[in-house]
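Asker: Below are the chains, spelled out letter by letter.
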Amino acid sequence: GNSVTQMEGPVTLSEEAFLTINCTYTATGYPSLFWYVQYPGEGLQLLLKATKADDKGSNKGFEATYRKETTSFHLEKGSVQVSDSAVYFCAPPINSGGYQKVTFGTGTKLQVIP
Amino acid sequence: DVKVTQSSRYLVKRTGEKVFLECVQDMDHENMFWYRQDPGLGLRLIYFSYDVKMKEKGDIPEGYSVSREKKERFSLILESASTNQTSMYLCASETSGLSNDREQYFGPGTRLTVT
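Which chain is which? The protein sequence lines are S and Y, in order.
Residues in the first sequence are numbered from 1 upward in steps of one, following the numbering used here.
Residues in the second sequence are numbered from 1 upward in steps of one, following the numbering used here.
There could be a bad hint or two in this list.
To be verified - Computed far set for chain Y versus chain S, every beta-carbon distance over 12 Å:
{"#": "1", "residue": "Lys18"}
{"#": "2", "residue": "Glu22"}
{"#": "3", "residue": "Lys53"}
To be verified - In the PhoX-like style, the derived pairs of lysine-lysine whose C-alpha atoms are separated by at most 25 Å in a straight line are:
{"#": "4", "chain 1": "S", "residue 1": "Lys101", "chain 2": "Y", "residue 2": "Lys70"}
{"#": "5", "chain 1": "Y", "residue 1": "Lys3", "chain 2": "S", "residue 2": "Lys101"}
{"#": "6", "chain 1": "Y", "residue 1": "Lys18", "chain 2": "Y", "residue 2": "Lys57"}
{"#": "7", "chain 1": "Y", "residue 1": "Lys71", "chain 2": "Y", "residue 2": "Lys55"}
{"#": "8", "chain 1": "Y", "residue 1": "Lys71", "chain 2": "Y", "residue 2": "Lys57"}
{"#": "9", "chain 1": "Y", "residue 1": "Lys3", "chain 2": "Y", "residue 2": "Lys71"}
{"#": "10", "chain 1": "Y", "residue 1": "Lys57", "chain 2": "S", "residue 2": "Lys101"}
{"#": "11", "chain 1": "Y", "residue 1": "Lys3", "chain 2": "Y", "residue 2": "Lys55"}
{"#": "12", "chain 1": "S", "residue 1": "Lys101", "chain 2": "S", "residue 2": "Lys68"}
{"#": "13", "chain 1": "Y", "residue 1": "Lys3", "chain 2": "Y", "residue 2": "Lys53"}
{"#": "14", "chain 1": "Y", "residue 1": "Lys71", "chain 2": "Y", "residue 2": "Lys53"}
{"#": "15", "chain 1": "S", "residue 1": "Lys101", "chain 2": "Y", "residue 2": "Lys55"}
{"#": "16", "chain 1": "S", "residue 1": "Lys101", "chain 2": "Y", "residue 2": "Lys71"}
{"#": "17", "chain 1": "Y", "residue 1": "Lys18", "chain 2": "Y", "residue 2": "Lys53"}
{"#": "18", "chain 1": "Y", "residue 1": "Lys13", "chain 2": "S", "residue 2": "Lys101"}
{"#": "19", "chain 1": "Y", "residue 1": "Lys55", "chain 2": "S", "residue 2": "Lys60"}
Please keep in mind that the hints were generated in silico from the structure rather than gathered at the bench.
Nothing here was measured: the structure is a model prediction, and the numbers come from that model.
We treat Cβ as the ideally placed atom computed from N, Cα and C, and that holds for glycine.
Could you put together the complete structure from these sequences and hints?
Answerer: See the structure below:
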């Protein structure tokens with residue numbers, strides 16, 4: 001089935017530093033790719049997504065590009081803020097129709113210090 | 001605004017009690033999921049359901065059962081709670097349609113403590 005390998009944390013950065021969280025995937029067909037974020041005390045929420053090769057998903061200053069040739073979907077942000085402190089999850093690729101077991105794994109904890 | 005609600009944010013139960021965790025979604029989604037989240041272990045899938053009365057085991061189904069009698073409601077049942085089931089429980093739902101719509105929507109979580 002579809003799966004991901006995500007960079008382990010925790011990651012500690014100073015405010016305004018550049019962030020990269022690596023994610024590579026294995027999948028069949030032409031799936032969509034997703035990043036989720038979990039702020040302290042809350043459930044997960046979608047951060048961004050990309051639905052085809054070379055698409056760039058973006059939200060709240062975060063970006064990720066769907067790279068089919070390297071099977072990667074790395075999350076980046078040019079200048080992190082303290083409010084970005086959270087756990088980030090790269091979700092397994094999702095194909096159309098039916099159902100798939102979706103396993104999120106441990107995520108990457110980001111702590112941004114002032 | 002889409003919404004997934006869970007019956008309790010915090011719950012304290014005694015060992016051996018039967019525990020029901022309820023999850024309701026208002027998006028007419030076919031697929032629903034129950035996860036538990038523990039420090040250092042991340043988010044692990046317990047059970048999921050792709051239709052009314054249908055269920056599939058996830059990665060850690062032991063000690064749990066589920067019920068899906070209506071499309072909008074997915075219940076997680078701990079038949080006899082044990083201390084190792086102390087955890088954060090997260091419910092999610094998603095449509096079964098096109099892959100670019102397959103976002104999972106999560107509830108706020110239930111922090112269960114078994115004493």
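Asker: If a hint holds in the structure, say so; if it does not, say that too.
Answerer: The hints, checked one at a time:
1. Lys18: Per Cβ check, Lys18 (chain Y) is outside 12 Å of chain S; nearest 25 Å; holds.
2. Glu22: holds, 15 Å
3. Lys53: Label holds. Min Cβ-Cβ 14 Å, cutoff 12 Å.
4. S:Lys101 - Y:Lys70: With a Cα-Cα distance of about 21 Å, the restraint between Lys101 (chain S) and Lys70 (chain Y) holds, given a limit of 25 Å.
5. Y:Lys3 - S:Lys101: Measuring from Cα to Cα gives roughly 21 Å; hence the hint holds.
6. Y:Lys18 - Y:Lys57: The hint holds at about 20 Å.
7. Y:Lys71 - Y:Lys55: holds, 12 Å
8. Y:Lys71 - Y:Lys57: holds, 18 Å
9. Y:Lys3 - Y:Lys71: holds, 14 Å
10. Y:Lys57 - S:Lys101: It holds: about 9 Å lies between the C-alpha atoms, which stays within 25 Å.
11. Y:Lys3 - Y:Lys55: holds, 22 Å
12. S:Lys101 - S:Lys68: holds, 22 Å
13. Y:Lys3 - Y:Lys53: holds, 22 Å
14. Y:Lys71 - Y:Lys53: Answer holds: Lys71 (chain Y) to Lys53 (chain Y) is near 9 Å, not above 25 Å.
15. S:Lys101 - Y:Lys55: Since the Cα atoms of Lys101 (chain S) and Lys55 (chain Y) sit roughly 11 Å apart, the hinted pair holds (cutoff 25 Å).
16. S:Lys101 - Y:Lys71: At roughly 18 Å apart (the allowed maximum being 25 Å), Lys71 (chain Y) and Lys101 (chain S) satisfy the hint.
17. Y:Lys18 - Y:Lys53: holds, 21 Å
18. Y:Lys13 - S:Lys101: violated, 29 Å
19. Y:Lys55 - S:Lys60: Between Lys55 (chain Y) and Lys60 (chain S) the Cα gap is close to 36 Å, so the pair fails against 25 Å, i.e. violated.
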